[in-house]
Amino acid sequence: MRKNFMLIAAMGIFLALIFTAPASVESAAAPKNGLVEIRTEPCRSDGAARQGAPAKARRGSKKRGGAKLLRTDREDLTNLRIELFKEIHPGVIQKVQSPRVLPDMMIDRLLTEERAGKHQADVVWLQFHQVSALERDRMLARYVAVEDAALPDGLKVPGLWRSLGNRLFHIMYNTKLVAAKDAPKSWEELVEPKWQGKLVLDASSYNWFVGMLDYMGEDKGLEFMKKLARNGLQIQQRRSNVENMVSAGEVPVMVANSGTSTADRIAQGEPLAFVKDPKPPIAYGEGLAIMRNAPHPYAAALFIETVLSEPWQRKAAEKIKIRAARPGVPDPLIDSSIKPHFVNPSKWPTKRYEWASVNTFASWCARNSDTCFAESANRLNQTATQKPSATNAAAAQIGERVRRIVELLGSGKTLALLFFSALLVYLVIVPLAVLVFGSFKSVAPGTPDYFTLNFTLENYSRAFASRYLPTATVNTLIFSLGSSTIAFVLGAFLAWVTERTNSPFRSLLYVMAISRVILPGVLVTFSWIVLMSPEIGILNRLLVAAFGLKAAPFNVYSMAGLIWVEGIELTPLAFLLMASAFRSMDPSLEEAAMVRAPGRCRFFAASLCR
Amino acid sequence: MMQPALLSALVLLFIRGIESFETPALIGLRARIFVYTTEIWLNSTRAPTDYGLAGAYAMVLVIISALLILVYLRLTADSEKYMTITGKGYRPRMVDLGKWRLLTGAASMFILFLVFVVPMLTIAWMSLVPSFLASSLEGFQRISFKAYRDALLFPLTRQGIQNSMILGIGSASGVTLITAVIAYIVVKTKLRGRGILDFLTFVPYVVPELSRA
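Here the protein sequences come in this chain order: E and A.
Residue numbering for the first sequence follows our numbering, beginning at 1 and increasing consecutively.
Residue numbering for the second sequence follows our numbering, beginning at 1 and increasing consecutively.
Any given hint could be a false lead.
Derived lysine to aspartate or glutamate pairs resembling EDC-like cross-links, with alpha carbons at most 20 Å apart [what the hints assert, rightly or not]: (1) E/LYS315 <-> E/GLU83; (2) A/LYS99 <-> E/GLU189; (3) A/LYS146 <-> E/ASP264; (4) E/LYS276 <-> E/GLU189; (5) E/LYS181 <-> E/GLU192; (6) E/LYS279 <-> E/ASP182.
It is worth saying that the hints were derived from the structure and are not from the lab.
As the structure is a computational prediction, the values presented were derived from the model and not from experiment.
The whole structure should be built from the sequences, with the hints applied where relevant.
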């Protein structure tokens, strides 16, 4: 029986590792997952002047290699665009990289590659603010595309980057909750009291934020944003999540959405509709640029010239239903006569795009919409200190050296002890040391100053300057105490029942607890949200219907909800931890005692010794 | 007799609570309740990543958790004392609950229901109906396996599964091997310094996963 438990437990832990490990690794090393390898054809790259490249590029040359693209957007759209390009120039594109994690991680990666001197990317195809981060580090090539001239002002910075299409912001709403005739026709309408508490905005809508400020003027724009915030605007992470919320009826109106996802969802039968061109029409473009150290600059130029050309733009508009960057190309979804307002990137200098980085915006917004806008605007005028990407290479080298020294020392068991200490030091202490070391540095790893003894407390003063820290500390204590107590009480009860009593279903408890540990915790959290959300919670709806309640009895979005969900999530772990404690105080010591006195072992049940 | 073991479990659970990120991120952000991990995330993730600031925040967590781990190790060290009394012939005595069995059985089934059945059923339900119908009866008419088909046909899924398998098998067997040897050294030898090994194995617990990634 016990053997079986051990076996199940071992398998459980094993599977748990399989399913939980990738999450942390994906964020550390984004690459392989999103790679699309494409065979390549010879393409010239001889380092000559890059201007007027397309003619040369088409001629081709001896050297093998194609353009490599780097970008982060919806992968399907990107791939469709790439396919269109390949129809015209088969074999030029070698690789498309688009890590599916956070968009901003691509910047980290490019900066790291640059510092390491590994120049792999030819073309970047990112958000404007991300491209400007690269420009600040002088990582972009000067390239005046022949086709740049055809683009309107807001969609290019001559000689640096340009956009392929443009996205018009629209208002998306749930048709079950908002009638078409009541839907807001302009942005200004959203500050009216009838929308109080009914609005949600995706935290990455900085393009819309800047667009409005650009159109209305900074002061008036901010005033509008604050009014909107006071009207109970919610700001949530991730666009698809926000779309789901509106679709499910948690919030009736999504303030600013763009692209084709709303149309896609309507086609799927979701109860959604959109106001296509709320006044004023605000649109934004993307940044398409060549890297300064691109290994295949001509192929890169060829790519850019092609996708900006009129035939390609028409084809893309027809096939992929994107709004083309070139004026005059008919719009597939929305009235082409709409003249949107583009943010002029040159009016919003590089540093001003700093704040727009998804999470910077989100960090203010998550707390309080009102301060969100005020503080976001403050950030517009701050020059952010440029921050590093940590490379573990140096640390790994040190770890390697330590290990070698250890290997030279001693022999036998002492050697093993030293070896494993070193291994642990390498696996455990080195990352910790890098963390500690890095927290005292204000320069990037890889920059010359990093390994000097210039330490600073700047990071700490910045960290503790946050006025939200005291609240966060109190919250953390309440949250951890509450959830660990729930888990402890429930887990201890289960452990006692299974190990010390003859209560029924005991073995079932083990199976279920281990299966639950295998299940990623996020899913548990999600399921409780679906059950206890005040708007759409299944449990809430059932109880309201059954007992005729006036309001939803549970609200998962509260400290109590937080504690409950985490407590329930931790319970299986608590159970497994304590079950072994109940079963035998410390089996390893028990065994150790047996080893030391093998003679007496025979005295006891043979099963115990086996 | 159980005291140290139970207390140490409580300490570990408390540390897990402090370091948990997913629940505070999914629920806390919406409720505008911020804990330490979400605070770190909000303040230090930007492009390019601010490792210095993240490190400074993480240090506070490290210090708190390190203190708690020391408490944990102290507790488990004391347990040796209790061990000697029980002796190796010790078998846990089973309590015959009699009629109360039904009550404890029902209670444990209820806890199991909350901990395992409810999340599983909800997830299964969500996978079968379109997300916007998750909380209405209309959902029953729209049950389909479309989500599964989509997931399986998504080209990256297969690679994802493959990566997960390699990573999982690799790290699981690697970790098992290393910890087995370490456990052997700590428990079965009398080498000087083996306590250090014991302590080192706990250090990862101290470092919040968030900051290691």
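Hints and how they fare:
For the hint pairing E/LYS315 with E/GLU83, the CA-to-CA distance comes to about 11 Å; that is within 20 Å, so the pair holds. Restraint check: the Cα-Cα separation between A/LYS99 and E/GLU189 comes to about 67 Å, which exceeds 20 Å; the hinted pair is violated. A hinted pair counts as satisfied when its Cα atoms are at most 20 Å apart, and A/LYS146 with E/ASP264 qualifies at roughly 16 Å. Taking the CA atoms of E/LYS276 and E/GLU189, the gap is about 15 Å. The hint holds against a cut of 20 Å.
About 16 Å separates the Cα atoms of E/LYS181 and E/GLU192, which keeps this hinted pair within 20 Å; it holds. Using a Cα cut-off of 20 Å, the hinted pair E/LYS279 and E/ASP182 holds, with the two alpha carbons roughly 15 Å apart.
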